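The whole structure should be built from the sequences, with the hints applied where relevant.
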Amino acid sequence: MKFLAEYRDGDVARRLLDAIAGTVTRPWTLMEVCGGQTHAIVKYSLDELVAPGIELLHGPGCPVCVTSLEMLDRAHALASRPGVILCSFGDMLRVPGSRGDLLGLKAQGADVRVVYSPLDAVELARKHPDRRVVFFAVGFETTAPANATAVWLARRERLRNFAMLVSHVLVPPVLTAILQAPGNRVQAFLGPGHVCTVMGEAEYEPIVRRYRTPIVISGFEPVDLLAGILAAARQLEAGEARVENAYRRAVRREGNPGARRLLDEVFDVCDRKWRGVGTIPKSGFRLRYEYRDFDAERVFELNDIETAEPAECISGQVLKGLKKPAECPAFGTRCTPQTPLGATMVSGEGACAAYYNYGRGGR
Amino acid sequence: MTLEFDCPAPSGRHEHIILGHGSGGKLGADLVARMFLSVFGNAAEDAAACAGAGRLAFTTDAFVVRPIFFPGGDIGRLAIAGTVNDLAVSGALPRYVSAAFILEEGLAMADLERIVASMRATCEEAGVVLVAGDTKVVDRGKGDRVFITTSGIGFLPQGRALSISAAQPGDRVLVSGTLGDHGIAILSQREGLEFDTALTSDVQPLADLAQAILQTCSSVRCMRDPTRGGLAGVLHDLATASRVGVRLHEQAVPLAPAVRAACELLGLDPLHVASEGRLVAVAPADEAEGLLAAMRRHPRGRESAIVGEVVADHAGTVVLRSRIGGERVVRPLAGEQLPRIC
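Line by line, the protein sequences are chains E and Y.
Okay, so the first sequence: first residue is 1 according to UniProt numbering, each after it adds one.
Okay, so the second sequence: first residue is 1 according to UniProt numbering, each after it adds one.
Careful: at least some of the hints might be erroneous.
Unchecked claim - Going by beta-carbon spacing under 7 Å, a handful of chain E positions derived as facing chain Y:
(1) A13
(2) K43
(3) Y44
(4) L49
(5) A51
(6) G53
(7) R126
(8) H128
(9) P222
(10) P337
(11) T339
(12) N357
(13) Y358
(14) G359
Rather than coming from a laboratory, the hints here were simulated on the basis of the structure.
Just so we're clear, the structure is a prediction, and the values are computed from it rather than from any experiment.
Think of the CB as a built atom: it goes at the ideal place given N, C-alpha and C, for glycine as much as any other residue.
What follows is the structure in structure tokens.
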């Protein structure tokens with residue numbers, strides 16, 4: 001496939017692997033931020049191919065995985081209400097909440113639908129004026145512009161039966177939280193390529209300066225990731241710490257100004273609780289007051305819901321890079337994609353699911 | 001000014017299926033006579049007497065695909081090909097099939113006619129005769145237009161024993177064409193997911209290709225059709241039953257560009273996507289090249305390829321060697337990738 005085969009080319013990959021091996025003089029520990037990067041790394045065994053010079057830790061960048069149990073339980077409560085159509089992306093349906101998952105609610109008669117775009121949820125609201133359509137908006141800065149567009153459109157059209165349950169999270173605050181955590185081992189980040197197509201590079205500069213930790217913005221194909229690893233290794237070996245863009249075909253320094261203006265119009269920054277990690281200040285988006293009529297948390301009275309997290313799940317430590325999925329005693333036995341204890345085993349971007357699906361931790 | 005008179009439909013001719021068509025009375029008998037017997041031309045006995053020689057192979061399969069008409073086929077062609085292929089890959093020569101229809105009240109008669117004509121054509125293509133059938137009608141909303149269950153009988157020559165547990169280290173794995181065309185063609189039609197593609201389903205009967213394979217390479221270990229669960233599912237079954245490992249080569253797996261693109265976009269693994277007109281064959285290494293040439297000469301096997309080999313290591317596990325050189329485990333599909341594709 002054009003523009004894809006080039007970035008999976010075996011010869012180019014081998015040259016990059018040789019260059020990494022020739023650069024590294026002592027072991028370094030890197031963290032890839034995005035779940036999509038984790039999956040490509042495990043799928044193509046890049047972590048095994050760059051070892052032992054480079055160790056890769058898997059980061060918190062799986063939006064489904066970090067969505068808090070409270071938010072998930074709120075979505076479940078909304079889906080259970082008569083007259084509500086709850087829409088979300090496919091992975092979200094299988095994530096276990098305190099009391100089962102959305103697929104289970106669907107089987108019991110709740111109207112839960114998978115959409116491929118938040119605009120499909122807006123269309124559902126237009127088609128079903130007698131029903132109340134709630135879109136469960138999760139994700140990082142990457143998906144935020146599309147979700148912002150959906151609310152913006154709904155407000156313009158005065159679609160009173162459309163609402164959004166917003167659980168958006170932001171990358172820079174969680175990188176700071178990881179670097180501040182006791183026991184942190186991360187020496188450089190492979191930065192989130194797709195997030196930076198929206199947000200640009202600037203917001204990573206203060207982190208790099210303050211913590212002397214290189215951030216190399218990287219893509220999602222094997223060649224992109226190896227190029228990112230090589231750039232990070234070169235900075236570490238030279239004792240440098242810069243924001244470096246190794247994903248120039250997608251990321252511009254200023255990001256996407258149009259999308260950022262829209263985000264600013266629709267969302268403001270709030271504290272946000274991350275599943276397995278805890279509350280991180282100023283780490284989320286919520287709808288601005290002007291959009292309150294579309295904010296499911298305001299429109300529906302959602303009482304505090306008592307949450308219950310399985311005690312055995314170590315997804316919090318996995319998301320912070322403190323443990324690898326196979327170190328969990330439940331991995332592959334009591335916890336599999338069919339019987340997940342935590343979201344990291346469910347999501348298409350979850351590190352546990354990547355390890356399980358690609359056969360890590362024992363064939 | 002001219003006046004046009006509509007001729008009312010004669011009684012007993014309906015534009016749509018109504019509940020009475022399933023009653024077992026006159027309407028039902030008319031439907032069977034007009035719709036089925038006129039097309040398949042067999043006596044309306046409750047059971048058919050089937051002639052043949054050798055051991056019997058018998059199979060049954062239900063078809064609930066949505067939509068019922070899709071690029072490259074329809075539920076009727078699928079229902080015949082699916083049952084024929086189950087017989088064919090077992091090494092049997094398919095001969096007879098039966099079909100049971102569950103029709104939803106309101107189904108357009110024209111649609112049913114199209115389906116039945118397609119079944120007839122596929123039977124001829126496969127060299128089988130439809131010898132028995134049944135029809136039931138359910139209330140509107142209690143079905144989804146039409147469901148079809150087919151059963152099939154074939155004959156296995158003495159001494160032929162293909163087995164999923166017969167693979168040995170060194171054997172080669174062959175596929176008869178591009179994988180996943182059917183699954184992606186169906187997906188491209190789904191509500192909320194429509195995307196434009198020239199891709200058509202690969203659905204076709206494989207009796208002649210399977211016979212050609214057996215004539216070329218009598219020591220072929222086993223054949224399977226990679227339907228739901230895809231190539232990954234077939235090879236996982238093989239690795240488990242034969243207590244061997246299987247190593248696939250990413251570059252060697254034939255994929256249509258549209259399948260590759262759709263899987264990339266939707267996050268699917270093409271090794272999990274269903275085909276309905278392809279088969280997987282496992283053959284000893286020294287006969288694999290000859291078999292590949294014979295498969296490529298056959299019109300249903302032009303894009304055949306050797307995609308991997310059976311290995312002694314990691315018994316029960318399928319691995320894929322990527323272009324980059326890393327290896328990953330290929331797991332069987334967990335749960336439903338996509339409901340109602342066949």
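Subject >> Indices of hints not satisfied (ascending) >> reply: 5, 6, 7, 8 and 11
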